[in-house]
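K.L.:
Once you know that position 207 of the sequence shown is 207 in my numbering, the rest is easy, because the numbers rise by one and skip nothing.
By construction, these hints were calculated from the structure, which means they are not laboratory data. Take these hints with a grain of salt, some might be off.
SDA-like cross-link-like pairs, simulated, lysine to any residue; straight-line CA separation at most 25 angstroms [claimed, not checked]:
1. Lys11 to Arg116
2. Lys64 to Tyr115
3. Lys114 to Asp30
4. Lys215 to Asp30
5. Lys215 to Gln150
6. Lys215 to Phe25
Ranges between beta-carbon positions, derived for each pair [stated by the list, open to error]:
7. Asp165 to Met204: 42 to 52 angstroms
8. Gly166 to Gly39: 23 to 33 angstroms
9. Ser198 to Ala52: 33 to 43 angstroms
10. Gly192 to Tyr228: 40 to 50 angstroms
11. Thr182 to Met204: 14 to 24 angstroms
12. Gln65 to Ala87: 23 to 33 angstroms
13. Ala225 to Gln150: 20 to 30 angstroms
14. Ser227 to Ser198: 15 to 25 angstroms
15. Gly192 to His43: 29 to 39 angstroms
16. Gly135 to Val162: 42 to 52 angstroms
17. Gln201 to Glu20: 37 to 47 angstroms
18. Glu20 to Thr50: 20 to 30 angstroms
If you're wondering where the values come from, they're calculated on a predicted model, not measured in any experiment. Heads up, the beta-carbon is just placed ideally off N, CA and C, and yes, glycines get one too.
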Amino acid sequence: MAEGLVEAGGKVHCLDILPEPDSAFAQARDRIKEEYGGGLEYHRVDVTNTKALNEVVASIAADKQRLDGLIAAAAIQQVTPALNYTAEDIHKMLSVNYTGVFLSAQACARQMYKYRTQGAICLIASMSGCIANRGFVAPVYNSSKAAVVQLARNLAMEWGRVQPDGAGGIRVNSLSPGHIVTPMVEENFRRGEANRESWEQNNMLGRLSTPEEYKAAGLFLLSRASSYMVSGAPMLHCPTY
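Construct the entire structure; sequences and hints are all you get.
P.N.:
This is the structure we're talking about:
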């Protein structure tokens, strides 16, 4: 998604807890800069650390005196039967999957209000927030994504109207992808926590998706092409039956 935004002319800042991005990030950054002239930068931050997160977002916005969009995709996953979950496991997952997404939206909205930019926010949920995946036991992950869907609806209602002073007018939507082949999902397959063949057989296209297939969706939700769209319902990418 970040690549898609840069390809469309945006300057994109990627935030993650890792000390350094992987080699694919550097390759994408160099390629995009040469081909499209946009910008792709990396910042290390823990999205559950309110102070650090707000400082990073404020510095990004201050550079151009504006902030136009956010894609909030922070998430971790744990495959554990409900009877075996501990309170610590639940708190850890919700702190990233829900609190981290909430705080990211909050930090960016503050800058949008400050600079009077009527921006757009896309919260990454999951089809798992709408259904119970057969044979995939992840009750806390799934319910955390359902919470993200409902969060998008509430933020859309609260921030959507333009105020008399010009603030507000922030569109908020959620995006609920289907099964994506990511390193986290590949690890599920390796551990036997999910069955790739079963997922593919239950998919109308007979295959799983790749991250690149969501570039257009992210660009659409952050651009003026979706100027009259707010999160009354999540946007789904899950041809599964």
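K.L.:
Checked against the structure, which of the hints given earlier come out wrong?
P.N.:
Of the numbered hints given earlier, those the structure breaks are 3, 12 and 14, listed in rising order.
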